[in-house]
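A.B. asks: Residue numbers (the working numbering), protein chains in the order written: chain A, 1 to 290; chain B, 1 to 194.
Don't take each hint at face value.
Footprint (simulated), chain B over chain A, 3 or more residues, beta carbon under 8 Å [said to hold, decoys possible]:
#	stretch
1	60-70
2	172-180
3	245-252
4	270-282
Computed footprint of chain B on chain A, listed as stretches where at least three residues anywhere in the stretch have a Cβ under 8 Å from a Cβ of chain B [claimed, not checked]:
#	stretch
5	45-52
6	106-114
Since the hints were made in silico from the structure, they are not lab data. Each residue gets a CB set at the ideal place from its N, CA and C atoms; glycine is no exception.
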Amino acid sequence: MKIITVKKIENAVAQLAREANLFLRKDVLTALKKSYRLEKNKRSKLFLKAIIDNAVYARKEKLAICQDTGLPLVFIELGQDVRILGDFKQAVIKGIALGYRKGNFRESIVSDPLLRGKPVYQGAVIHMDIVKGSKIKITVMPKGFGCENKSQLKMFLPTVGIGEIKKFIIEAVKTAGPDACPPYVVGVGIGGTADYASLLAKKALLKRIKLQRGLSPACPPKQQWREGTVSGLERELLLQINKLNIGPMGLGGKTTALAVNIEAYPTHIAGLPVAVNISCHALRSATAVL
Amino acid sequence: MPYAAQQQYCRDCPSDGKIMKILNAPIQEKYIRELKAGDEVTLSGTIYTVRDQAHKRLIQDIGRGKELPFDTKGAVIYYCGPAKAPKGRVIGSCGPTTSSRMDEFTPLLLKKELKAMIGKGRRSKEVIAAIKKYKAVYFLAPAGCGALISKYIKKAETVAYPDLGPEQILKLEVKGFPLIVGIDSQGGSIYDKD
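Please take these sequences and the hints and turn them into a complete structure.
C.D. replies: Spelled out as structure tokens, the structure:
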């Protein structure tokens, strides 16, 4: 049994909130740099450079990468042998507020979705998972709402062809178009229930963007994928999405998405839920293990 | 000197060294008429941040015949809710937000002689028609580059609705703000690329 105090959790969450918003994820930055090298559309290429410059400037000047520091999501994997002293959830919320205040980030949360009111720092969506062991893994993910607004869910029939699923995912990217800060990272959740598919789509965004030589970021080489497998689908979707000619800032070009990440899960014989959660190019998250 | 002749070399602009048109806010219609979708410009002068809830209030005020908190004639508004200013800075990160959420409010503001909007993404058919009708312009700012954009903001002060927090109306003094013409006064759009 390991004892962890809520103060330690609060401080860790505050630190992660700050890090996630100031320092662009390394895999995202690498993917952007690679896209910059591969992009042929001149203006889109320059815009990709502006995105990279923005990340560098934000880090140097301790400014939020984007003013939309999101409705923060906190993913917690709680080891079953950990004992927490104090109010755990409250510590997470307090940690978020502390980190956001210290970072001079924007107050973007209204406590009542209908009455709205003055935005505050206090608020987060917390997803908790109980795992083996005596550690706590915490991930803070600020998710801007420009791209969150483009989320989609569809309950397919279990007999549906893979083509229909691909069409739905590509259509979701088309619908987002130039509005939600492309180049995107496309998170897809397949299986589970309606709520769980949505969670999987979000979690898919946490997967590291893989890079392969000579291809767009996150595109696995041909020999590594098979028709009908998840990595095959990721590859195919990325290739097709990057033919949409949406491009960085919607200015055209072949960099519409940096990656397509899919998470799959068992589902019911009567259905096939598919959720799409799009991230803008400022895909932010930070993780710590206590 | 006519504005078209006033051109400058802009190091930080997305065009990376290309000659850009210089505009001053508030903008006169004769200059707006010269702009074409895809043109790269830099904007200096006074602009106002107005986003979702502030739009709702402005429209309500117009409906009630109340005086608006700023003069919309020739005005430029920026769809932006900035981050707080860290010590020693004028403003925090301040990139554009998705413009289409403002679409239902825009035609009425254009009728009130609003001349330009700055944001990101597409606009509705109704907005494009109103931009054409009232000879206005819609600019795109570098989306998701809020930290970089903060360099072009020289002054920020509250004009109205401080109770809205980051959604309050701010008056910004900008200098050399790099923009791209998204929709011009003839209704031409940068997104009509196919």
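A.B. asks: Against this structure, judge whether each hint is valid.
C.D. replies: Hints versus structure:
Coverage of the stretch 60-70 of chain A by chain B holds [criterion: at least 3 residues with CB-CB distance below 8 Å; count 9]. Restraint check on the stretch 172-180 of chain A versus chain B: 4 residues with Cβ-Cβ distances below 8 Å, three needed, restraint holds. Only residues whose C-beta sits within less than 8 Å of a C-beta in chain B count toward coverage, and the stretch 245-252 of chain A has 5 of them, enough to reach three; the restraint holds. Against chain B, the stretch 270-282 of chain A contributes 3 residues with a C-beta closer than 8 Å to a partner C-beta. That satisfies the three-residue criterion, and the hint holds.
Under a criterion of three residues with beta carbons nearer than 8 Å to beta carbons of chain B, the stated coverage of the stretch 45-52 of chain A is upheld, 5 such residues being counted. By the rule of at least three residues with a Cβ nearer than 8 Å to a Cβ of chain B, the coverage given for the stretch 106-114 of chain A holds, with 3 such residues.
Checked against the numbered hints given earlier, this structure breaks none of them.
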